[in-house]
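From first to last, the protein sequence lines stand for chains A and B. Note that my numbering has the first sequence beginning at 25, numbered continuously upward. Note that my numbering has the second sequence beginning at 12, numbered continuously upward.
You may find that some hints are simply not true.
As the list claims (entries may be wrong) - One-sided and incomplete, this derived list gives chain A residues near chain B with beta-carbon spacing under 10 Å:
#1 F168
#2 G182
#3 I256
#4 W275
#5 G276
#6 R283
#7 T302
Honestly, the hints are just simulated from the structure, not real lab data. No residue lacks a Cβ here, since even glycine has one placed at the ideal position from N, Cα and C.
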Amino acid sequence: MPTSIRASASTEAQALGRAAPRSLWGEAFLRLRRSKSALLGGIILAGLIAAAVAAPLLTPWDPLEMNAVDGLKPPSARHWLGTDILGRDLFTRILFGSRISLQTGLISVAIAILIGVPVGLSAGFYGGLTDRAMMRLVDLMLTFPGILLALVVIAILGPNLLNAMLAVGISASPTFARVVRAAVLSSREQTYVEAARAAGCTNARIMLRHILPNTVAPIIVLGTLGVAGAIIAAAALSYLGLGTQPPTPEWGGLLSEGRNYLRVAWWMTTFPGLAIMTAVLSINLLGDGLRDALDPRLQS
Amino acid sequence: MLQFVVRRLLLAIPTMVAASILVFLMLHLVPGDPAIIFFGDQPVTPERLELVRHQMGLDRPLVIQYLDFVRGIPRGDLGRSIHNRTPVFEELRTRVASSATLALAALIVAGALGLSLGLLSALGRGTWIDAGAMLVALAGVSMPIFWLAAMLIFVFSLRLGWFPATGFGGWNRLVLPAVALGFVSAATLARLVRSSVLEVLLQPFVTTARSKGLREAVVIRRHVLKNAFIAIVTVLGLQFGTLLSGAVITETVFARPGVGKLLVDAISNKDFPIVQGAVLFIALIYTVINLVVDLSYAYLDPRIRFD
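With the rest of the complex left out, here is chain A (with noise of 0.2 Å):
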C-alpha cells in the first residue's frame, strides 16, 4: 500500500472521528493494524528492507574480498556467520544478498504485473473472442506447472540474474491476468460503468479510470504473495545454477555455494536458508493481513 495513502486515510479517519464513514483505504488500514501477524510481517519485512539498504553500514567486510586463511571458518566474534571457502564473510554476503533477493522478488513481480494486468483487464472488458484467445493462453502457460515455465524460459534466453527475473515474472503472469479478469468482470456491469459509457467515455478511459481502480486490492493482495513466492523460485534458479552466476552473493547462490561444504560448514547452508524464510515468512504474514484486510469477505 503505497505510503501516501496510508498517511492521508488514517488522518482523515481521526479527523473525521469514528462515526465519520471512512474510504475503503481507511477501512482497511485500520483491519490491517489490528492483525497481529500483519504487524509483526511488516515489522520484520521493514528491518530486512532497513538492513539490506543499510548493508555496508552494518558490516566492516566487503561481500566478494576473499582472504583464503580464513576460509571455511565457523560462526565468531569475528565473523559473525563463519566464513565461505574464499574467507568471505558470510554474514556480509547474505546481507549484500538481501539487496538483490528482495529486488529479485519485487522486479519479478512487477513484469507478471506488467503483462497479467492489461492481459486480464482487456480479456475481461472486451469479452467475447479477444476473452477467449487471451484466456486459452493463460490456461497454456497454467499448463506448465510452477517453476517448469520458468525452467522453459531459462532454456530459451540462457541463465542469468536478468532472464531468472523474466522467467519468475512471465510464469506468475497468468495468475495476475485470471484475478484481474474476475474483478474486472464483477466492475463491468456496475451502474457507474454504465453512466460513464453514457457520459461519453471512451473504452480506454473507462477501463483505465473506472474500472482498474476497482481491481487494485486483489493486484495488491497478490502482488504481495507473489513476492514471497518470486523470492524463493528466483532463489531455485539461482540454486540450480541457473539464475544469479558467483561471485554475486544471492541467497539461493549462497546456498548452491554450501551445498558442497555441508558436512564441513553447516552455517553456509543453514543460514542463507534462514534468511530467505525470514523474509519469505514476514511477506507472506503481510500479505494474509493485507488479503483479511482489503477483502473482508475472505476474512476466517
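Mind docking chain B on chain A? Use the hints.
Just chain B now, with coordinates in the frame of chain A:
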C-alpha cells in the same frame, strides 16, 4: 457422468496440442541457428552443418517440421540427445520410475502430515496446539524446498547417519527426498484442512449427529472428514503441480536420477531435444493428473456433474 467424462477428455486435447506447439517452437525461439546449437561447442564444417540441417528437417517449412514432430510422439520418437545420442524417449523411460516413486511417496507424506496437522489444529481451535500446528504450516510454506532438503541431509544423513544422502533405490533412499518434497505441500494442505473442517463443524448436520448421541470420533470421521474431503482432494490435485516442480529441485539436491534432474542437467548442457522431451512429458503428466482430479470431483460430489 459419461457425458462429463467425454467432455472433459475433449477439453484436454487442445491443451496438449498447444503445449506441443510451444515445446516445438522452443528450439526455434532460442537465439541462433538450431543446427549450430545442435553441435554445441564442437567445431563443424559448413557441409556437415548443411547435412544436419537437412536431417533435422530444418530446410522444410515450419508447419511440416511441427507435423513431423507431432507424428513422432505416439511412436515414442522425440529425437536424440545432442550429447550422448541416446533417444530422448529412452532417457525419459529409464527415469520415470524414480520420479514416480518420489512423487507418490511425497504425496503420501503430504496427505498424512497435512491431514493430521490440519485436523489437530481445527479440533483444538484457539489452543496452543492450533497455534503450534499453524506455525509449522506457515514455516512450511515459507521454506525453500532445497534448503529443507539440505538440512534434512545434514541432520539425518551426515550427523545421525540414518539415511543415505543421495541416489536412487531402496526405501531408505526415498525417505528424506519424500519428506522434503511432501512437507511444503503438507503445509498448504494443513491450512486448508483446518479451514474446511472448521466450516463443516458449523453445519447443522454435525449438530444433529452429535445430538443423536454419536461418539465424537464417529462424528468427525463419518460426517466432518467426509464432507471436508472435496476441498482436500482439490488441493491435493492442485498441489501435484507444486510437487512436480518441487521434484525437479528435490531430485537435483538428492542427485536422484529422475525426469526433473534430467531436465535441469539438459538446460545447463543446452541439450534441447532432452529439454523438449522432458517439458512435454511433465506437461502431459500434469494435464492427465488434472483430468483425474476433475473426474474424481464428479465422483465425490454429484452436484458438479451438472454444472
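To see whether the hints hold, each was checked on the structure:
no. : hint : result
1   : F168 : 6 Å, holds
2   : G182 : 8 Å, holds
3   : I256 : 5 Å, holds
4   : W275 : 8 Å, holds
5   : G276 : 7 Å, holds
6   : R283 : 7 Å, holds
7   : T302 : 8 Å, holds
Checked against the numbered hints above, the structure violates none of them.
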